[in-house]
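Chemist: Letter by letter, the chains look like this.
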Amino acid sequence: MKPLSLSALAVLGAVSRSVRYGFDIMDATGLPSGTVYPVLGRLERDGYVRSKWESHAVAQREKRPPRRYYEITAAGSRALATSVEHYRTLGERLGLVTRKPSAG
Amino acid sequence: MMDRELSADARALYERCRRIVRTVRMLVPERRRDDWTNEWIGELWYRVALLDRSHPIDRYKANRLILRTLGAFPHALWTLTDEWRLDPMLQDLKYALRGILKRPLFAALVIATLSLGIGANSAMFSIVNSVLIKPLPYDRPDELVYMYGSFSQNDRASVSPPDFLDYRSRNSVFSSLAARTIFGSAVLSGDEEPERVRASIASSNFFATLGVEPYRGRVFSAEEENGGSDVAIISYGLWQRRYAGDANIIGKSIAVDGRPHTVIGIMPPVLDRTMDVQVWRPIPFNTPETSVRRFHFLRLVGRLKLGVTIPQAQRHMDDIAGTLAASYAENESWHLALVPYREAVIGSVGPVLFILLGAVGLVLLIACGNVASLLLARASARSGEMAVRTALGAGRGRLVRQLLTESVVLGLVSGVVGIVLAHYLLAGVRAVGDGLLPRLAEVEMDGVALAFTIVVSLATSLVFGAVPALHAVRPDLAATMKSLGKTSATRAGAYTRDALVVAQVALSFVLLIGAGLLVRSLWELQHVETGFDPSRLLTAEVSLPATRYRTRQEVDRFWTQLLDRVRTIPGVESAAATTLLPLRGGGDTYFYIEGQPPASDAEKMNATISTVTDGYFATMRIPVVAGRVFERTDRGDGAGVTVINQGLARRLFANASPIGKRLVVDFGKPFVAEIVGVVADVRIYGQASNAPDLMYFFNDQPAAGFGTGTMNLALRVRGDPSRFVSPLRDVLRTLEPDVPLSSPQAMADILSESVSGERFRTQLLAGFAAVALLLAVVGLYGMLAYAVTQRSREMGIRIALGARPAAVFRLVIRQGMVLVMIGVLLGVGGALATTRFLTSQLFAVAPTDPTVFAGVALALTLAGLAACVVPARRATRADPILALRQE
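Quick mapping for you: the protein sequence lines, in order, are chains W and U.
Under my numbering, think of the first position of the first sequence as 4, with each following residue one higher.
Under my numbering, think of the first position of the second sequence as 4, with each following residue one higher.
Heads up, a few of these hints could be off.
[To be verified] Here are the simulated lysine-lysine pairs, DSS-like style, with alpha carbons at most 25 Å apart:
| no. | chain 1 | residue 1 | chain 2 | residue 2 |
| --- | --- | --- | --- | --- |
| 1 | W | 5 | U | 97 |
| 2 | U | 105 | W | 5 |
| 3 | U | 664 | U | 607 |
| 4 | W | 66 | W | 55 |
| 5 | U | 308 | U | 137 |
| 6 | U | 672 | U | 607 |
| 7 | U | 64 | W | 66 |
[Stated by the list, open to error] Chain W stretches covered by chain U per the calculated footprint, using a threshold of three residues with CB under 8 Å from any CB of chain U:
| no. | stretch |
| --- | --- |
| 8 | 15-23 |
| 9 | 34-41 |
| 10 | 69-80 |
Keep in mind the hints are simulated off the structure, nothing from the lab.
Where a beta carbon is used, it is the ideal one built from N, C-alpha and C, also for glycine.
Please take these sequences and the hints and turn them into a complete structure.
Modeler: As structure tokens, this is what we get:
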């Protein structure tokens with residue numbers, strides 16, 4: 004599997020930390036909207052996140068249109084872990100990160 | 004917490020963002036559009052409502068929200084491209100692009116070849132469209148009719164002012180009938196450097212007839228036709244250039260020909276593009292010169308009444324001409340010749356342009372053939388790929404479609420490059436085409452030309468793409484699969500490639516013949532005996548203001564003084580002046596041999612006249628055939644004398660000597676002149692026309708000739724004529740500071756310019772033919788080189804079996820030259836069938852000129868041979884070991 008791009012990694016990371024709405028993800032990652040939405044689209048296409056619409060009842064109670072939110076899937080979690088590992092290894096190889104010695 | 008309406012501020016912010024989203028949403032594929040929109044709207048509302056909690060709204064955050072909303076645009080684009088992944092046609096496109104990018108050199112070659120062809124076609128079409136097809140930029144131009152005065156069948160003379168007034172008042176077919184002069188100039192003086200500009204006098208209704216409104220000010224009033232009103236209308240160009248767009252020019256006075264004129268109007272720029280006139284003045288219809296029916300100098304423009312046709316109008320005007328002839332003896336046989344205004348503007352350039360358009364069409368066909376060969380060769384290299392894809396289940400239709408997509412992409416890219424190329428080509432044509440092409444200033448690439456280019460690009464890609472596409476998916480799948488990895492040309496592919504080479508050779512042969520004929524014709528034209536020696540000859544025009552030089556004596560005294568001073572300029576060998584310089588206009592008049600007046604008008608004889616100063620024949624080096632030329636003793640008070648040219652002498656007196664015979668010449672009054680000499684013929688009107696019958700008169704005899712207020716100087720100098728322009732100007736300034744020296748030019752340049760039209764079209768056609776030849780030779784070379792690669796195994800085996808390299812060499816050469824020969828033979832047929840369209844453009848060369856045909860055949864054969872040599876030599880180096888190992 005190809006590792007996720009860095010922006011995809013950031014977005015997927017945010018979603019995995021329950022940052023669920025598009026604009027909130029932008030705030031969390033600092034990425035512009037023109038990047039975040041295409042990345043979300045790609046992640047959804049590849050099955051790493053799924054999107055849902057919040058219930059009409061909630062929206063109606065607050066007199067506003069419903070918002071779309073994103074959740075990470077199992078495949079997404081795996082991809083996230085693999086990619087994080089990939090970049091960490093890369094960092095080590097380049098001497099940018101040092102792995103803490105494992106206990107024992 | 005959010006259950007309240009938004010404040011007005013927040014509402015406005017929300018609306019702004021929503022507008023952005025609603026604009027961009029059109030980009031989103033329909034299937035996803037609602038979801039896409041709702042997601043943005045949901046987030047935006049939520050955020051606006053958050054901001055609305057503090058009052059007033061945080062401006063910084065509001066702006067950030069708007070910026071963030073702009074991200075909807077890339078988001079929409081992404082959904083669009085994401086959707087494309089699923090579209091088969093776009094997959095083809097992607098595949099095609101990938102295929103092209105994988106072989107950038109191949110693609111560059113194809114695009115270069117095609118864009119050359121497409122660009123040339125696009126440029127040529129733009130010219131044809133702008134010059135021939137687009138309507139004239141006047142109001143309802145189809146109603147406009149141009150009128151020449153006409154004496155015999157087809158001459159294109161002018162109309163006299165009294166005749167015009169009668170035609171205007173008596174006709175009932177034109178809603179408006181106007182007149183103007185077409186040759187004329189005026190000197191602007193005053194604050195600026197004196198300057199000669201093109202000027203015209205026109206009837207008051209001239210602009211209204213064309214339907215042209217003044218840009219500023221007004222046009223002439225009917226009263227201003229009565230003379231005495233010194234008013235002028237200037238062109239937009241002159242206003243911008245000489246008067247720097249002075250907003251208050253209307254009502255100001257400018258000096259035209261030394262007299263103050265009030266500027267009453269400025270014409271719109273459109274008139275600059277269609278008429279080369281900078282100053283307009285009204286025709287004064289009540290002066291002595293404008294009351295004579297014999298003085299023809301106006302051209303008429305009429306706007307037909309609704310429903311009247313030109314033949315009807317012609318009959319009607321002929322009736323009026325008949326009535327006029329019955330009343331005035333000098334009107335006998337004179338009538339008007341009506342032609343559509345368009346035709347008068349465009350002239351005879353139509354056939355030339357269509358010939359050139361046909362020629363670039365051929366170039367494009369050759370380019371197509373070339374690219375088809377290239378693609379064909381590549382297609383057989385890719386036959387393996389195609390077979391594998393077919394075996395994997397790709398439908399034939401799908402494969403053809405994919406290959407065609409590649410062609411269309413190549414075609415369209417070439418089209419875009421071609422448009423850029425055409426843009427520069429047109430700029431070039433505008434730069435050099437001045438005076439060679441009517442409506443030149445209107446030549447541009449417009450929507451029609453762009454549409455033409457796109458259609459041509461698409462058609463082109465189908466033409467060059469179809470053959471290889473159909474070939475690539477031929478049905479013998481099994482055979483192809485079997486031969487995968489080996490290289491052997493299939494016969495069908497080879498035949499098609501051969502045919503393409505033959506077609507290219509034949510087409511370029513036709514083009515080369517056309518170019519060859521024009522080149523030969525131009526050469527003949529440039530080597531015509533002109534009758535005088537144009538080398539080291541400087542010419543210039545000087546025009547005296549009639550206000551200060553009233554009598555012929557005053558005028559002639561000026562010329563004598565001027566020439567005396569000019570002759571003292573160091574390096575000037577001799578100098579003279581004439582009213583009629585070769586290649587610069589002229590006039591003619593009636594005459595008869597003394598004692599033999601014409602019995603009727605039909606027997607009237609006329610000849611071109613030229614009034615010259617002392618030393619003219621010596622300066623021009625026009626040989627004296629018999630008798631003598633003018634001498635200072637031929638004074639105004641002495642007997643009238645004339646010198647005639649050989650052609651006229653032969654016409655009048657056959658082989659008898661004309662010396663001592665007397666002619667009666669009509670200069671308003673009869674003038675009796677004794678013929679004192681005969682000089683050689685001079686081609687006054689250019690190399691392409693015959694020398695006219697010519698009578699020379701001496702400017703010291705004031706009764707002879709018409710006004711000498713405007714004369715052409717001729718200086719025979721030592722060295723480069725252009726070095727004498729400024730000394731000449733200085734000499735003129737010492738005599739007359741306000742009179743400009745107009746169009747100083749070396750005679751050799753004038754001669755060269757007189758065939759510039761011919762040279763221009765010859766160079767264009769020769770250029771096209773050169774491109775065609777290059778393409779054909781490259782095509783032939785490519786085909787042979789490819790065939791040799793394909794047959795390298797066979798060649799190797801031949802060599803292994805004992806064939807000598809020379810035999811292999813001959814084999815390849817023969818293969819190529821057979822095609823060249825067939826192409827040349829077909830080309831001869833094609834050329835014989837088409838060169839007759841060139842007949843009207845040829846001078847002293849037959850359209851089937853054997854020298855040109857033989858020369859082109861030889862040149863093309865040699866070029867073909869050269870293209871064969873390299874592949875043939877490569878074939879002799881085929882390695883027999885390698886060939887045998889493959890078996």
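Chemist: Now look at each hint and say whether the structure bears it out.
Modeler: So, going through the hints one by one against the coordinates:
1. W:5 to U:97: At roughly 22 Å apart (the allowed maximum being 25 Å), residue 97 of chain U and residue 5 of chain W satisfy the hint.
2. U:105 to W:5: holds, 24 Å
3. U:664 to U:607: holds, 18 Å
4. W:66 to W:55: Status holds; Cα separation ~19 Å.
5. U:308 to U:137: holds, 23 Å
6. U:672 to U:607: Status holds; Cα separation ~16 Å.
7. U:64 to W:66: The hint holds at about 22 Å.
8. 15-23: It is violated: at least three residues are needed, and the stretch 15-23 of chain W offers just 0 whose Cβ sits closer than 8 Å to chain U.
9. 34-41: Answer holds; 7 residues pass the 8 Å Cβ test.
10. 69-80: It holds, with 3 qualifying residues against the three required.
In this structure, the one hint that does not hold is number 8.
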